[in-house]
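Student: As they're listed, the protein sequences go chains A and B.
The numbering used here puts the first residue of the first sequence at 1, with every later residue one more than the last.
The numbering used here puts the first residue of the second sequence at 1, with every later residue one more than the last.
The set of hints was computed from the structure by calculation and includes no laboratory data.
Incorrect hints may have been included.
Here are the in silico distance ranges between beta carbons for each label pair [what the hints assert, rightly or not]:
1. B:M40 with A:K89: 53 to 61 Å
2. A:N99 with B:I163: 21 to 29 Å
3. A:E115 with B:V18: 53 to 61 Å
Once the Cα atoms are required to be at most 27 Å apart in a straight line, the calculated DSSO-like pairs of lysine-lysine come out as [to be verified]:
4. A:K57 with B:K36
5. B:K90 with A:K36
6. B:K171 with A:K57
7. B:K14 with A:K113
8. A:K114 with B:K157
9. A:K45 with B:K165
10. B:K171 with A:K36
11. B:K36 with A:K45
12. A:K45 with B:K169
13. A:K57 with B:K165
14. B:K45 with B:K157
15. A:K45 with B:K45
16. B:K45 with A:K113
17. B:K90 with B:K36
18. B:K169 with A:K114
19. A:K113 with A:K57
20. A:K89 with B:K165
21. A:K113 with B:K157
22. B:K90 with A:K114
23. A:K114 with B:K171
Which stretches of chain B does chain A cover? Using the computed rule of at least three CB atoms under 8 Å from a CB of chain A, they are [said to hold, decoys possible]:
24. 32-46
25. 74-86
26. 151-164
Just so it is clear, CB atoms sit at the ideal spot from N, CA and C, and this is done for glycine as well.
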Amino acid sequence: MIDMVFQLVAFLLLIINFSDSEKSAEIQLPLSSIVKPPESLPPYKIILNVEDSGMIKFGTFPPVNLNAIRPILLREIGAASRLDVLTEKINVIIRADMNVKTGLVQELMDVCKKEGLESFSMRVLERMR
Amino acid sequence: MKIRGSDRKNDELKLEMVPMIDIVFQLLVFFIMIYKPSSMEGDYKILMPSASEQPTMSDKPLDDVLEVTLVAGPDRFIDTINVSFAGQEKTYKANPSPDQAIRQPAFNSLHDFVLGVVGSGNSDPAAASEIEAEIQIDYDLRYVDTVSAIEAISGYKREDGQIIKLIEKIKFRTPE
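Just chain A, with the same shape it has in the complex (with noise of 0.2 Å):
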């Protein structure tokens, strides 16, 4: 029964993905039938929320608006470029809220553009039948 136990613990610690502290828990995805999660890992990523307000958080940090979002972005400039990553190869990975005004997300990645940032995704929710 111990190692059932201990079996059940080791699964539970593997199957928790604790790479969601980037993401936001408040919101909401759009959903899609047709993605797949993705099957390898960019060389850099930089996750930014669009919460259903239009504030944008990133990491742990708390939310900014659109204007106060350049010093992030060229802090993890800085960090990829550390790490010997291209700026054009950081993949920037939107996930915005389903209610807020695509305007703001184009906005966003205009923003990210001007900082030389090219590789754009948009996050969504894989619809489960």
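Position chain B relative to chain A; hints supplied.
Tutor: Here is chain B on its own, set in the frame of chain A:
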């Protein structure tokens, strides 16, 4: 006289099983409590014209570009979808209702148009159509409808669960 080390047997560390089992069970309960099964997340790749590029210019010949315009209606839900490709133009009117199922037929029509343009698609992502889609979106349109339009353009899921790719190169037209 007591000889040092003679009672070593009694000093041997005993493995206390009961507290260990307690701890293990507490760990087990903790992990079961925090485990939250959730749907997987996936990405749509989006191309953005480079900063130096003109807002409406595309590097593809005009015949290879599917142009889609999404117009928001009341409550910022989709109202109209305009689509054009190689001289064909269509307008699909949507019912801008908060109910996704009521808005869906407009996206289905867009999907049918894309199917007619691209063909039945390909299950190999590398062989997805060379046609590029350029989407112009009303600033206020809800993101959920933008994603529905992108889904309609990108592909579909067959009955057997296989994903068929239609257009993978999707570009947002820079807001004017």
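Student: Run every hint past the structure and note whether it holds.
Tutor: Here is how each hint holds up against the structure:
1. B:M40 with A:K89: 53 to 61 Å: violated (24 Å)
2. A:N99 with B:I163: 21 to 29 Å: holds (26 Å)
3. A:E115 with B:V18: 53 to 61 Å: Since A:E115 and B:V18 have Cβ atoms about 59 Å apart, the given range 53 to 61 Å holds.
4. A:K57 with B:K36: holds (22 Å)
5. B:K90 with A:K36: violated (30 Å)
6. B:K171 with A:K57: Holds, at roughly 24 Å.
7. B:K14 with A:K113: Not OK: B:K14 and A:K113 at ~64 Å, beyond 27 Å, violated.
8. A:K114 with B:K157: violated (36 Å)
9. A:K45 with B:K165: Judged against 27 Å, a Cα distance of about 25 Å means the pair holds.
10. B:K171 with A:K36: Holds, at about 20 Å.
11. B:K36 with A:K45: Given pair B:K36, A:K45 holds - Cα atoms ~24 Å apart, limit 27 Å.
12. A:K45 with B:K169: Between A:K45 and B:K169 the Cα gap is close to 20 Å, so the pair holds against 27 Å.
13. A:K57 with B:K165: Since the Cα atoms of A:K57 and B:K165 sit roughly 32 Å apart, the hinted pair is violated (cutoff 27 Å).
14. B:K45 with B:K157: Given that 27 Å is the threshold and the Cα spacing comes to 18 Å, the pair holds.
15. A:K45 with B:K45: Given pair A:K45, B:K45 holds - Cα atoms ~13 Å apart, limit 27 Å.
16. B:K45 with A:K113: It holds: about 15 Å lies between the C-alpha atoms, which stays within 27 Å.
17. B:K90 with B:K36: violated (44 Å)
18. B:K169 with A:K114: OK: B:K169 and A:K114 at ~21 Å, within 27 Å.
19. A:K113 with A:K57: Judged against 27 Å, a Cα distance of about 18 Å means the pair holds.
20. A:K89 with B:K165: holds (24 Å)
21. A:K113 with B:K157: violated (32 Å)
22. B:K90 with A:K114: At roughly 34 Å apart (the allowed maximum being 27 Å), A:K114 and B:K90 break the hint.
23. A:K114 with B:K171: Distance ~17 Å between A:K114 and B:K171 Cα, so the pair holds.
24. 32-46: holds (count 11)
25. 74-86: The restraint on the region 74-86 of chain B is violated, since only 1 of its residues have a Cβ under 8 Å from chain A and three are required.
26. 151-164: As far as the region 151-164 of chain B goes, the hint holds, because 6 residues have Cβ atoms under 8 Å from chain A.
Consistency note: the structure conflicts with the earlier hints numbered 1, 5, 7, 8, 13, 17, 21, 22 and 25.
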